[in-house]
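Below, each chain spelled out in residue letters.
Number of protein chains: 2
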Amino acid sequence: MTAGARPVRSVDPRTGDSNATDLLPTGAAEVAERCARAGAASAELERIGPAGRAALLRAMADGLELARDEVVTTADRETALGRARLDGELIRTAYQLRFFAEVVEDGAYLEAAIDHPGDTPMGPRPDLRRMLVPTGPVAVFGASNFPLAFSVPGGATAAALAAGCAVVVKAHGSHPLTSALCGRILADAATRAGAPEGTISVVFGREAGTALVSDPAITAVSFTGGHSGASALRALIARRPDPIPFYGELGSVNPLVVTAAGAAERAAEIGRDLVGSFTLGGGQFCTKPGLVLVPAGPDGDRLVDAAGEALAAVPAPALLNAGIAESFASGVKALEGRRLITSGAEPARGFEVRPTAVLVDADELDAALLEELFGPVAVLVRYAPEQLAGVLDRLPGSLVATVHGGAGADPERDRAVEVLRGRAGRLLFNGYPTGVAVSWAQHHGGPWPATDTQHTSVGATAIRRFLRPVAWQNAPQASLPPELRDGPSPVPRRVDGTAVPPARATA
Amino acid sequence: MTAGARPVRSVDPRTGDSNATDLLPTGAAEVAERCARAGAASAELERIGPAGRAALLRAMADGLELARDEVVTTADRETALGRARLDGELIRTAYQLRFFAEVVEDGAYLEAAIDHPGDTPMGPRPDLRRMLVPTGPVAVFGASNFPLAFSVPGGATAAALAAGCAVVVKAHGSHPLTSALCGRILADAATRAGAPEGTISVVFGREAGTALVSDPAITAVSFTGGHSGASALRALIARRPDPIPFYGELGSVNPLVVTAAGAAERAAEIGRDLVGSFTLGGGQFCTKPGLVLVPAGPDGDRLVDAAGEALAAVPAPALLNAGIAESFASGVKALEGRRLITSGAEPARGFEVRPTAVLVDADELDAALLEELFGPVAVLVRYAPEQLAGVLDRLPGSLVATVHGGAGADPERDRAVEVLRGRAGRLLFNGYPTGVAVSWAQHHGGPWPATDTQHTSVGATAIRRFLRPVAWQNAPQASLPPELRDGPSPVPRRVDGTAVPPARATA
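From first to last, the protein sequence lines are chains A and B.
Under this note's numbering, the first residue of the first sequence is numbered 1, with each subsequent residue one higher.
Under this note's numbering, the first residue of the second sequence is numbered 508, with each subsequent residue one higher.
By construction, these hints were calculated from the structure, which means they are not laboratory data.
Treat the numbers as computed from the prediction; the structure is a model and nothing was measured.
Mixed in with the good hints there might be a few duds.
Just the calculated beta-carbon pair ranges, DEER-fashion [what the hints assert, rightly or not]:
id	chain 1	residue 1	chain 2	residue 2	range
1	B	573	A	368	42 to 50 angstroms
2	A	33	B	717	21 to 29 angstroms
3	B	915	A	66	48 to 56 angstroms
4	A	120	B	528	13 to 21 angstroms
5	A	368	B	1005	43 to 51 angstroms
6	A	368	B	723	44 to 52 angstroms
7	B	1005	A	431	40 to 48 angstroms
8	B	989	A	364	36 to 44 angstroms
9	B	993	A	385	46 to 54 angstroms
10	A	120	B	717	44 to 52 angstroms
11	A	120	B	992	17 to 25 angstroms
In silico negatives: residues of chain B with every beta carbon more than 10 angstroms from chain A [unchecked claim]:
id	residue
12	516
13	640
14	642
15	643
16	684
17	691
18	694
19	695
20	739
21	840
22	855
23	966
24	1003
Just a few of them, taken from the derived set where beta-carbon distance is under 10 angstroms, the chain A residues facing chain B [claimed, not checked]:
id	residue
25	115
26	238
27	312
28	443
29	460
30	468
31	488
32	490
Yeah, the Cβ is synthetic: ideal placement off N, Cα and C, and Gly gets one too.
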């Protein structure tokens, strides 16, 4: 805490009411102390091994579920996302913690490899053994739009702890009480599971975030948010004597392309479900389909009509905070003079806004329309067949790109997919991108504006962000990690170039 | 070429003579053209598949070997590294190209994974399939100190081509003729192997390097060199609308710790071989052991005496270029007033310098001595037992750290290894770090000043730098890459969480 600092405030988006909490902004000295403790805790998290970390993650999932009612109530008051959505988010968050317990137990994530000494055209090769090791304490910046699944108990925390890295979370200003509550739940679970003090901690306030990314103990930063906040953090990291990885997701337009065949087959259905997707959670998903390419002509018109009908009935959501509501308002204001389709709902109080879509022709698509507008809004672009390639070429990088094509052969779909693979981390067919499964084969990232094109924030491989390789050369057995010693291995390994499955304990 | 540009010059380090070549600096427009061609070539390199790329890499290795005499002669004239060393480097370079052909054919590098649809606590999971895809054209900055193995035909080129990324190499100013020659050899091999034009090209001059990292077609940059060049390139990359990965190796002190037990057992041998390692190739290895911790006392003194004796007999090497020779001279000048041990050889002409070591006590170890000094020089630090932990704590990140311990239990070694694992990418026992085997389990990277802690520039996993993940959700079979389709797979995959080996074609 900072002497004389004003308490952190919690705001109800439904009313706009702001109330002081009993939390204080975390001062720089305290941030340094938490980071130092996270350093000691990381060493201990590695020492307790895969079984210890799996138990820790499961204890955290249990703790969240036991406190379900309090967590959902607190998060709903601070985010207005609704109890049903937040209950689902809690289920997801607990599932994700348990999933990373499985990833740790599986052990393939270590990428263990052994090359025995041998002769090569280069000369004799020494004994070489490689494995990934935890990087050390990780800073996680909670997201505004997922108070659980991308915040204190979220995916970055789960992946980092699984890897063996203690976590210091910078709470998002939109849900401080939820963050503090989740921090206590996770810390209590850590204690119960025998994990060290400092395994997880939460800090509050902008100054704390600045101190956090500059702290010498921190080895990686995970961030979900806007470009300006990200730029400031990146600049701080670049000034470190040892710049560290910055894993940021900074917005995404997530194009959705409807081919002529797709529209011919399912115009009304796509129009309706599309509105469901871009207004879900108040349109505050990083995977919201923000730019929809619709074929010009009768099929496309039916799609647009169906979307208009569906949109008319969407209630006015309260957005997460005053800043997001203001950005939305100014973004929609900039669309004035274009053809707008809107909800019939009347925003009344707090941060409520009116869901909106704008309809433009392909030749009206200017740079402003190619930028993400956060909230319940989408740009519908009518294209003539000969315009599709040109529009696709202008699309920026996205987390996900969707194609609605025909049931049979669809050359338009195939050409779109070819371009979109270069612009997105996930390619989705005949579906809607809001909804990111947690699984082994998931990828949630992509080209810029994902700041690190090579990593994901969702799915098993998200753990890779918090690991780095080490090779041991001619090491005595006792100096090797257990996974790299001679004899049967608990983890899969590549030995002299050949995959060797783990030797499981037999009953 | 730039109108009126002065020809690129080639300098003989043995004499300092500088001669105009028939090469001209590559102008910005030509760089843009090469990058555009590399973009088209990358698509084609992916299309020709693993077998096509493996054949390409092998054709390049064959081409280098066929031109061995011309390559070695040209490189020796520009680098003064000597024919024997350069012949060995050519063998290494060809081996590395062929090794990456094996990596591509193996297919595990794709990290292919399939999750079939299923029910989860989060709700139904869609069909998800993940695989790594090439990022696109790669810029490679050749290193001064390895005119082959870390330059035009080097590891970054091999890994990028293996991944399916065309390469534009910025030739190092120290060996333009070698770079041009190797570029021609590789391009000819590409033509013979049926690979597209633009698969590999070479550009010359500082302006070309600047244009290269800023070109929109370039998707990743590999760099080996000094901090100031790297800073300039990083700043350019940060100003791109889509900052791209920068894989840089910017120097390394590579500590070598001799424990009391190690010195007691092998003082004379370590002293002698250590000198061999830090003067090898004129001390111009990124893995040169630059900082050697020696126990104070009679065993350490024997080690230092043996090093002095060995050093006295080392000839004066000609360093790679005038800049490196000048930096070496000013670095050694800054050591004046300390206890120096030097070679008896008299530098006579060109860029020749006198191999040197400086001997200090642990309490004299200041920040300047903890920075890399390129060339045949090492810092020997005498420590009392109680000083070892303090010195280890001050070590910066390195590519490799070495421990010479006792043959039996050696607690001092174990404590050193524990600290050094956090400071280095490779841990080496009772050996010398100059020499980096190309193999599956190799790692050549480490904490800062390796700019990307998570990747290696040597070994099979170096390919990972030029790949990014993509997930396909509910894709029709025909829209999937062959490796992710239903049925037997040519590559290993993780299916529903379980490793499945490839189905090899049967005879």
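For each hint, the structure was consulted:
1. 573/B to 368/A: 42 to 50 angstroms: violated, 57 angstroms
2. 33/A to 717/B: 21 to 29 angstroms: violated, 44 angstroms
3. 915/B to 66/A: 48 to 56 angstroms: holds, 51 angstroms
4. 120/A to 528/B: 13 to 21 angstroms: violated, 35 angstroms
5. 368/A to 1005/B: 43 to 51 angstroms: Once the Cβ atoms are compared, 48 angstroms apart, the range 43 to 51 angstroms for residue 1005/B and residue 368/A holds.
6. 368/A to 723/B: 44 to 52 angstroms: The hinted range 44 to 52 angstroms is violated for residue 368/A and residue 723/B, with Cβ atoms some 21 angstroms apart.
7. 1005/B to 431/A: 40 to 48 angstroms: Given range 40 to 48 angstroms: violated, Cβ gap about 26 angstroms.
8. 989/B to 364/A: 36 to 44 angstroms: Hint holds: Cβ distance 40 angstroms, inside 36 to 44 angstroms.
9. 993/B to 385/A: 46 to 54 angstroms: violated, 32 angstroms
10. 120/A to 717/B: 44 to 52 angstroms: violated, 38 angstroms
11. 120/A to 992/B: 17 to 25 angstroms: Hint violated: Cβ distance 36 angstroms, outside 17 to 25 angstroms.
12. 516: Given that every Cβ of chain A is farther than 10 angstroms from that of residue 516/B, nearest at about 33 angstroms, it holds.
13. 640: violated, 7 angstroms
14. 642: Non-interface label on residue 642/B violated, nearest chain A Cβ at 7 angstroms vs cutoff 10 angstroms.
15. 643: It is violated; residue 643/B is separated from chain A by about 7 angstroms at its closest Cβ, not greater than 10 angstroms.
16. 684: The claim stands: residue 684/B keeps its Cβ more than 10 angstroms from every Cβ of chain A (closest is about 25 angstroms).
17. 691: For residue 691/B, whose nearest Cβ neighbour in chain A is about 24 angstroms away, the distance exceeds 10 angstroms, so it holds.
18. 694: Non-interface label on residue 694/B holds, nearest chain A Cβ at 24 angstroms vs cutoff 10 angstroms.
19. 695: holds, 22 angstroms
20. 739: About 13 angstroms separates residue 739/B from the closest Cβ of chain A, which puts it past 10 angstroms; holds.
21. 840: At roughly 26 angstroms from the nearest Cβ of chain A, residue 840/B sits farther out than 10 angstroms, so the non-interface label holds.
22. 855: holds, 32 angstroms
23. 966: Answer for residue 966/B: violated, closest chain A Cβ roughly 7 angstroms.
24. 1003: violated, 8 angstroms
25. 115: holds, 4 angstroms
26. 238: The hint holds - residue 238/A has a Cβ within 10 angstroms of chain B, the shortest such distance being about 7 angstroms.
27. 312: violated, 28 angstroms
28. 443: holds, 4 angstroms
29. 460: This interface hint holds because 8 angstroms falls under the 10 angstroms limit.
30. 468: holds, 5 angstroms
31. 488: violated, 16 angstroms
32. 490: violated, 14 angstroms
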